[in-house]
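Q: Chains A and B supply the protein sequences, listed in that same order.
The first sequence maps to residues 1 to 443 in this note's numbering.
The second sequence maps to residues 1 to 284 in this note's numbering.
Hint data in this document are derived by calculation from the structure and do not stem from the laboratory.
Treat the hints with caution; some may be incorrect.
Said to hold, decoys possible - Calculated pairs, PhoX-like style, for lysine-lysine (alpha carbon to alpha carbon, straight line, at most 20 Å):
#, chain 1, residue 1, chain 2, residue 2
1, B, 121, A, 14
2, A, 167, B, 47
3, A, 14, B, 278
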Amino acid sequence: MSKTVVSVKDVSKKFHIGKLQSNSHDTLGQKLTEMMATPFRRAGQLARGHATGAADLDEDFWALQDINFDIQQGELVGIIGRNGAGKSTLLKILSRITEPTTGSIDIHGRVGSLLEVGTGFHPELTGRENIYLNGAILGMTKNDINRSFDEIVSFSEVEKFLDTPVKHYSSGMTLRLAFAVAAHLEPEVLIVDEVLAVGDARFQRKCINKMEDVGGQGRTVLFVSHNMAAVTRMCKRVILLDGGTVAADGSSQAIVSSYLSSGSGTSSVREFDSTTAPKGDAAILKAVRVRNTEGQITESTNISDPVGVEIEFDVFEEGRVLQPHVILVNDEGVKLFTSVDVDSEWRNKARPKGRYTSTAWIPGNLLTEGMGIVSVAIWALEPSRKLECWYREAVAFQVIDSMDGTNSARGEWAGDFDGVMRPLLKWETEYNSGADVRSEKLA
Amino acid sequence: MSNINTSKSGDVPVIQIKATTGWASLNLKELWEFRELLYFFTWRDIKVRYKQTVLGASWAILQPLFAMVIFSVVFGRLANMPSDGIPYPLFSFAALVPWYFFSNGIGSASNSLVSGSNLLKKVYFPRMALPISAIIGGFVDFILAFSVLLLMMLYYGVMPTANIVWLPFLLVLIFMTSMGVSFWLSSMNVQFRDVRYVVPFFIQAWMFITPVVYPASLIQDEFLKALYALNPMVGVIEGFRWALLGTDTAPGPMIAISFIVSVTLLVTGAFYFRRMEKTFADVV
């Protein structure tokens, strides 16, 4: 039976921008300058035709508006959104660092929040001392820490340096130690922000596994990250924040894809209407779609299957040589490749008026698992070289590794598989049974 | 902070988060629940304070000792300041030991929220733990300096009186006063960094309205005496000399006024702190 653990009702948070800028941290000197500058600025605003200065200077900004959601026990929920969408503010309210302006939140259970790994670490203290200090800051009692001390140390892999001041640690070691402490918190609700943005891939994986364990124990995890692969992997449910409101709340696959393809409609199709369509002197984009080998529009593709990016465009001014481009970027912003159409019968041919549909086929066993975000462009090569029209982040699709190694680059390997690409390469082996092989075994 | 009702249902606490308006309750219960954190903050402050210094914890002794030497030369020798019949170095040192506990406590506590801003923005805990632990952390320095004071008394052949039993009460008075002042200063410092520059002058001025370098017996005017009692540190310093050195400066009925002032500072400071607390993370 599931039980509501976190219940957020009509939560809004207002910041005073004017006040934040002019009133915080200032010294008397800044205040004096401010006081002297203000009349001039107001006069300037009036001169430029703005109504009055006074109101503008004290502007309110709603970081969150009417946020509502419930979270059940044991759920792993991802919170995503652009920078400034209100994610951090929401987490700060949930972890009681700042209070909402209106609305209320009920939380059943203790809350452990991990808004930044290593908060409260003191560089002069040793690893051992910092485990206790950090544990206490995160809400553990001395007994809790004593009980899980050995586990924390072995998870962090810094046994040898336990009595060295943390200032001599590498950043990776500090991070591992900090996450290890936090991972052994045992609150009913764990709030995690951007922890995985740092650290090597292997340790990131370890962290994700640990958090999945936490979820498995019936505890609730709220996870904020820009790492969409991690979010989709860990969380079944995602809450998308946009401009301080809940833009979507539901299955992570669907929301992450639509979020990555920036905005409305499904992620794997973008159809333009005549008003918004990117348009050049001779061509206008009509649609971009992701299709599988059967011709169906698809959100996700198996790692070993080819996937097609289809660009539909109209040529309304004939006589140009046009070349469609596809640019693929992964969810970490790494540009994987640019592909241009050098393959079709229209290469180096002036195109007559009409509708064209070009599909770039990305072979199976080339991309690695994760999200692919597609930007498209159409270049004119003749009469002069010119970018006709383009659309950034037009569509996106997910590459899924079904972990069936028979037909993929994974083979028998079941573990972590690094790299931005995962091509299935042709390997050749020569075997010479007659070679003079010396025994390399030590006598 | 937020309006937190940690009512228990089963064994999981239910936390309600919503906007507080006006004055918040002190929520001392929660502070008590976080007493281990208080302990760890204090422990950290003590451990870290003299790291990477050559002289280490000797600084706890050297600070009042240097001040004593300077005061003895300037006020004791040059100005011939009366000292209630006690050798001037001992007379001033007996005052400097509690005074440094008080002033160093205020100094570090008033800056504690700003220097802990990273914590304020990232973790929830009762914010009062920061200034309180900064003050408690200074107590170790006090103990060290106090032992030196006892050695000096031995050197000058001055025996502590039986009134030494009143010292804990005087210490409580220092704790309350420095906490009250620190609650005010530290929370104001979050918004106005001017406080950081004001505090050193503030402490210096306070020292001169406290009989540290001169005896309170210099003040004869009845009205001034009454005014003097408004400063809780007057009773503390005079009390220290009375209890340890046997001067004729027993805290009279005036100490009641000092006590009331001290409690008022503490309570108003605590409520002001709680009121400002909810904006700390947004402003710091």
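Q: Work down the list of hints and note, for each, if the structure agrees.
A: Status of the hints after comparison with the structure:
no.	hint	result
1	B:121 - A:14	holds, 17 Å
2	A:167 - B:47	holds, 15 Å
3	A:14 - B:278	holds, 13 Å
Hint check: no violations occur; every hint is consistent with the structure.
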